[in-house]
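S.K.: Read top to bottom, the protein sequences are chains A, B and C.
For the first sequence, the working numbering gives the first residue as 1, with consecutive numbering after it.
For the second sequence, the working numbering gives the first residue as 1, with consecutive numbering after it.
For the third sequence, the working numbering gives the first residue as 1, with consecutive numbering after it.
Source of the hints: derived by calculation from the structure; they are not laboratory data.
Each hint should be verified, as a subset may be incorrect.
Cross-link-like lysine-lysine pairs, in silico, DSS-like; alpha carbons within 25 Å at most [unchecked claim]:
| no. | chain 1 | residue 1 | chain 2 | residue 2 |
| --- | --- | --- | --- | --- |
| 1 | C | 310 | A | 134 |
| 2 | A | 134 | C | 353 |
| 3 | C | 52 | A | 224 |
Derived list of chain A stretches under chain C, where covered just means 3 residues or more per stretch with a C-beta under 8 Å from a C-beta of chain C [to be verified]:
| no. | stretch |
| --- | --- |
| 4 | 130–136 |
| 5 | 221–227 |
Some chain C residues judged to face chain B by a derived CB distance under 8 Å, without partners named [said to hold, decoys possible]:
| no. | residue |
| --- | --- |
| 6 | 69 |
| 7 | 241 |
| 8 | 246 |
| 9 | 349 |
| 10 | 389 |
For glycine and all other residues, C-beta sits at the position ideal for the given N, C-alpha and C.
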Amino acid sequence: MKRFSLSSLVGTVFTLIMAGIWIFPIYWAVVTSLKNEEDVLTTPPEWLPRPLSFQAYSFVILKSPILRWYLNSAIVSLGTTFLVILLCMMCAYALSQLDFPGKNFLYWLLLAGFMIPGQALIVPLYQLVASQLKSVFPFIGSNTYLGMILPQVISVIVIIVYKQFFDAVPRELRDSAAIDGAGSFRILFNIYLPINWGITWALAIVTFIGVWNSFFWPFLITTKTDMMTIPVGITQTQDAFGVRYARTMATAILAGLPVVAFYLIFQRRVTEGIMMTAGLKG
Amino acid sequence: MSTTHKTLPSPKSPVPSKPWRGRKLKMWRDAFLLIAPFFLLYFLFFLFPTIRAIQLSFTDAPLVGQGNFIGLENYQKLLNSKDFWRALRNTGYFVLLTVVPNTAVGLIFALMVVRLNRLRSIVLSAFFLPNMLTVSVVTLIWQWILDSRFGIVNEIASMISGQEIHYSIFRDPNWAMVAIAFITIWWTVGFNMLLFIAGLQGISKEYYEAAQIDGATGSQIFWRITWPLLWPVTSLVLTLQLIAQFKIFDQIWLLTRGGPFKRTMPMLQLVYQEAFQEFKGGYASAIAMVLFLIILIASLVQYRLLRTGSR
Amino acid sequence: MFRKLSIALALILISAVYAQTTVTWWDFLGGGDGIRMKKLIDDFNASHDDIKIDGTTLEWGPSYYTKVQTSAAVGEQPDIMTYHLSRYTLAIPTGVLRPFSEEELASVGLSTSDYNAAAMQAATGSDGQIYGVPLDIHAIVLYYNKEILGAAGLLDDNGHPNFTSSLEDFNAGMEKIKAAGSIPLAYPGDNGTTWRVAYSMIGQQGAQLLDENNKVAAIEELTNAVSAIRGWMDNGLGTPNTEYPAAIALFTSGEASMMLNGVWEVPTMVDLAAKGELFDWGAVEIPTWYAEPATWADSHAFAIPNSSAKPISDEKLAAVLEVIAWMSKNSLFWATAGHIPAYSPVTDSDDYKAMEPNATYAVLGEHAFFDPKSNLAGAAGSPLYDAVAQYLMPAVNGQLSVDEAIEMFVEDIDSQ
Numbered sequence: 001m002k003r004f005s006l007s008s009l010v011g012t013v014f015t016l017i018m019a020g021i022w023i024f025p026i027y028w029a030v031v032t033s034l035k036n037e038e039d040v041l042t043t044p045p046e047w048l049p050r051p052l053s054f055q056a057y058s059f060v061i062l063k064s065p066i067l068r069w070y071l072n073s074a075i076v077s078l079g080t081t082f083l084v085i086l087l088c089m090m091c092a093y094a095l096s097q098l099d100f101p102g103k104n105f106l107y108w109l110l111l112a113g114f115m116i117p118g119q120a121l122i123v124p125l126y127q128l129v130a131s132q133l134k135s136v137f138p139f140i141g142s143n144t145y146l147g148m149i150l151p152q153v154i155s156v157i158v159i160i161v162y163k164q165f166f167d168a169v170p171r172e173l174r175d176s177a178a179i180d181g182a183g184s185f186r187i188l189f190n191i192y193l194p195i196n197w198g199i200t201w202a203l204a205i206v207t208f209i210g211v212w213n214s215f216f217w218p219f220l221i222t223t224k225t226d227m228m229t230i231p232v233g234i235t236q237t238q239d240a241f242g243v244r245y246a247r248t249m250a251t252a253i254l255a256g257l258p259v260v261a262f263y264l265i266f267q268r269r270v271t272e273g274i275m276m277t278a279g280l281k282g
Numbered sequence: 001m002s003t004t005h006k007t008l009p010s011p012k013s014p015v016p017s018k019p020w021r022g023r024k025l026k027m028w029r030d031a032f033l034l035i036a037p038f039f040l041l042y043f044l045f046f047l048f049p050t051i052r053a054i055q056l057s058f059t060d061a062p063l064v065g066q067g068n069f070i071g072l073e074n075y076q077k078l079l080n081s082k083d084f085w086r087a088l089r090n091t092g093y094f095v096l097l098t099v100v101p102n103t104a105v106g107l108i109f110a111l112m113v114v115r116l117n118r119l120r121s122i123v124l125s126a127f128f129l130p131n132m133l134t135v136s137v138v139t140l141i142w143q144w145i146l147d148s149r150f151g152i153v154n155e156i157a158s159m160i161s162g163q164e165i166h167y168s169i170f171r172d173p174n175w176a177m178v179a180i181a182f183i184t185i186w187w188t189v190g191f192n193m194l195l196f197i198a199g200l201q202g203i204s205k206e207y208y209e210a211a212q213i214d215g216a217t218g219s220q221i222f223w224r225i226t227w228p229l230l231w232p233v234t235s236l237v238l239t240l241q242l243i244a245q246f247k248i249f250d251q252i253w254l255l256t257r258g259g260p261f262k263r264t265m266p267m268l269q270l271v272y273q274e275a276f277q278e279f280k281g282g283y284a285s286a287i288a289m290v291l292f293l294i295i296l297i298a299s300l301v302q303y304r305l306l307r308t309g310s311r
Numbered sequence: 001m002f003r004k005l006s007i008a009l010a011l012i013l014i015s016a017v018y019a020q021t022t023v024t025w026w027d028f029l030g031g032g033d034g035i036r037m038k039k040l041i042d043d044f045n046a047s048h049d050d051i052k053i054d055g056t057t058l059e060w061g062p063s064y065y066t067k068v069q070t071s072a073a074v075g076e077q078p079d080i081m082t083y084h085l086s087r088y089t090l091a092i093p094t095g096v097l098r099p100f101s102e103e104e105l106a107s108v109g110l111s112t113s114d115y116n117a118a119a120m121q122a123a124t125g126s127d128g129q130i131y132g133v134p135l136d137i138h139a140i141v142l143y144y145n146k147e148i149l150g151a152a153g154l155l156d157d158n159g160h161p162n163f164t165s166s167l168e169d170f171n172a173g174m175e176k177i178k179a180a181g182s183i184p185l186a187y188p189g190d191n192g193t194t195w196r197v198a199y200s201m202i203g204q205q206g207a208q209l210l211d212e213n214n215k216v217a218a219i220e221e222l223t224n225a226v227s228a229i230r231g232w233m234d235n236g237l238g239t240p241n242t243e244y245p246a247a248i249a250l251f252t253s254g255e256a257s258m259m260l261n262g263v264w265e266v267p268t269m270v271d272l273a274a275k276g277e278l279f280d281w282g283a284v285e286i287p288t289w290y291a292e293p294a295t296w297a298d299s300h301a302f303a304i305p306n307s308s309a310k311p312i313s314d315e316k317l318a319a320v321l322e323v324i325a326w327m328s329k330n331s332l333f334w335a336t337a338g339h340i341p342a343y344s345p346v347t348d349s350d351d352y353k354a355m356e357p358n359a360t361y362a363v364l365g366e367h368a369f370f371d372p373k374s375n376l377a378g379a380a381g382s383p384l385y386d387a388v389a390q391y392l393m394p395a396v397n398g399q400l401s402v403d404e405a406i407e408m409f410v411e412d413i414d415s416q
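Next comes chain A alone, as it looks inside the complex:
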């Protein structure tokens, strides 16, 4: 028994060392961002932010439209998440619970989407959104929220996860409601949704984080500073001038802060969400 606890202690210490190494780059970025620009370059390095300075943060917050970018990111992320959850849930319900012609074909069509690298489609997608669709619907196009949101709504994995969870709901529940005359929409929103709130939250959170961090599409489709999201906007504050390590790190920290805070608050849900999204068989 003694030997067991000693090896357990060694294991714990090793785990803690690894965790420390893993988190160190983020720690060092935070420390750098809290120094004065000239104190960043001291040798030997100062391991704590001494003297503590918020110079870099005040510069980034006051001199760049970062607050506006937060707002844009919030609108795009929340809007996309809402639509992903609603549309994918509806679609998954039909695929899971209803019989209709062409169902299998549609399901396979969805699975094919996994394989194609999204970046390979940007040329036609850009043409479509910025030009072809815009001429019909002026509210879609470059520098519009819908132009950023709609192409990100097609999240196949959310459908697949929902379908698995709907498949597992006992059939009697649906049948009895159907005999009561309830339509598919009422059954979905009054029965299937309430018993799947857990997975809905988890999927929403995972989707939200993914959209918040998405870079390439919002980058292509925005040309106005006022319409940029956080990951796009911060690249615009990167300019090839002067010494600006503290400022660069402050920008990086500010960009990451909302999602990291979000994770720390909803840690259990995030973890659950990822585990559930992977619950499918490959």
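Take the given structure of chain A and dock chains B and C to it, following the hints.
M.R.: Leaving out everything else, chains B and C in the frame of chain A:
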């Protein structure tokens, strides 16, 4: 659900049971209304661009516009292009450097985390937090950490060795790709770890208790119980990794732009440059189609291999 | 209903009084450049009731030009944009630039003869049409620490470095600085700096990099140039593998006594000096390492994107021309960002001639060596720029031998 309620006619449906045909039609209508919104977007923003990309790959289209049909010319040009083979080799090397290591590290971290009690959520957060960051933030942080003049890694190396070290790993042709692979693992391994934790928690405690009573050693328990029972998760992680890593582009573009001397240039960089810098939309689409084909074949091969692996 | 109508009517009336034209403006100007350009835009807006500039600053680099191209193709382009003249030969055939007529320029009192001839020539296409109006000329200069160089006896009576008339001279001077315990030269190890320095050296040897068939002609001169830079690194005179901001930090902290970099870093020095955080510094034209003086130079120009999807309206065109004229005439302030204004009445003024350090290196305007007029050349993402990044940058920094690098470079360019 009360059974008595079921037998009572519902006020909303005066006819207790509709004719069979009517119910079927109603179901079809409901199904259509339920799937239409999503599939409308799916056709518009996924299938249509996919078909367009396939079509463009047979044309000399610029970045925006139709172009003329030129048959297989783009594909011929591709096969004779040095850059194409170089990019293919680099992408393969990156896949090699990440798929299995990222899976293995994820498993090791998961094993480390599940045996903890009080420290568990802190350690889990430490391993998982990088996953929350967007790619540009990840590369900004690592560029600073590994900066040749003022980066902390060079500072520490200088302190240990007692001489000034100004090493720039992103400029080293032999190590740049390894560095990118390491950063990719640092960034994404938390995801794999979570999947493995889920898998480990799904293994019934009884197996371990029985094994301990039999006096099995730690490594025996791992290889006889954990490994085989975890295999479905392992093969899932490997599959997801394989598809994801073939699509490598963002980190490389932000860290090395494919250099030094194209040693880290991946397939998607070629697509991006041909389309958005050289304005050759048709040729870029052809490269993208080849990449798609490679991913498809690799996934199928791996699927077969993993199936035999589970036996 | 009546209320709505009256509001609408009022709006129409107001807009008739203040018929304000909004000009959408894109630039890629960050740092000290960006701050100064924003001030110019604000001043313009304050002095014009009828025109309002709506400015957006995008990231400097290949993505800027991609964005211009794609947005013009779908009719989402700005009304006016900044553009590097070095990219003109690449850009004009793609049809992304709208030509200006002499009459259009004359309508706001401008004439091509008012501008620096070399820059204006670079803005002119092979068809003789003018595709942009130059704002400035920017080049690389030699920044130096007067305190260290003075102590080492390396300054002349004017306080300028006295060892810049040949490569041997320059190297000998740097050896003295090294012996005095300082890093002689902060060299930003990025592709931009490598291109600018090596290309200047080719010009100083009296050569042209490309021949008329777009093949590399100056192989020997290029080899000399890359070997010379590599020599600084190998002999401990330069700073191999140093990123752009690190090189500036080495110079401004006093660790390195000189730096080769663009005039756009002048604001960095001026601002630090104003805060009392910088030593006595200076900036001069780069050394004449070879036979004749020559300095790589490029130019920011104003251009109008050409879009068949949505051509510019006459009203906007008039406003854009007014903006260009105003910016040209007020470009003295732009010179505080280190640049040399392209509008001659400004550079001929006494105010400009008294401006430091611009006046010291103003002479380089005569030795300006612009990028090759080739569709392979151009700042921020062109085949030449990319080949420098892939092959010459590793050669300078020690990851590749000079001969191998030149061989790969030539093969890459000649196969384009």
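S.K.: Hint by hint, note whether the structure agrees.
M.R.: We went through each hint and held it up to the structure:
As the CA atoms of residue 310/C and residue 134/A are separated by approximately 13 Å, the hinted pair is consistent with the 25 Å bound. This hinted pair does not check out: residue 134/A and residue 353/C have alpha carbons roughly 52 Å apart, beyond 25 Å. Between residue 52/C and residue 224/A, the direct Cα distance comes to roughly 16 Å. Compliance with the 25 Å bound is thereby established for this hinted pair. Counting residues of the stretch 130–136 of chain A whose CB falls under 8 Å from any CB of chain C gives 3; the rule of at least 3 is met.
For the stretch 221–227 of chain A, the stated coverage by chain C is satisfied: 3 residues place a CB nearer than 8 Å to a CB of that chain, which reaches the threshold of 3. The beta carbon of residue 69/C comes within 7 Å of a beta carbon in chain B, closer than 8 Å, and the hint placing it at the interface holds. Restraint check, residue 241/C versus chain B: the minimum CB separation of about 4 Å is within 8 Å; hint holds. Taking 8 Å as the C-beta contact cut-off toward chain B, the hint placing residue 246/C at the interface holds, the least distance being around 4 Å.
Hint on residue 349/C is violated. Least Cβ distance to chain B is approximately 40 Å, over the 8 Å limit. Annotation: residue 389/C was flagged as interfacial toward chain B, and the flag holds, the nearest CB pair being 6 Å apart, inside 8 Å.
In summary, the structure is inconsistent with hints 2, 9 from the numbered list given earlier, while agreeing with the others.
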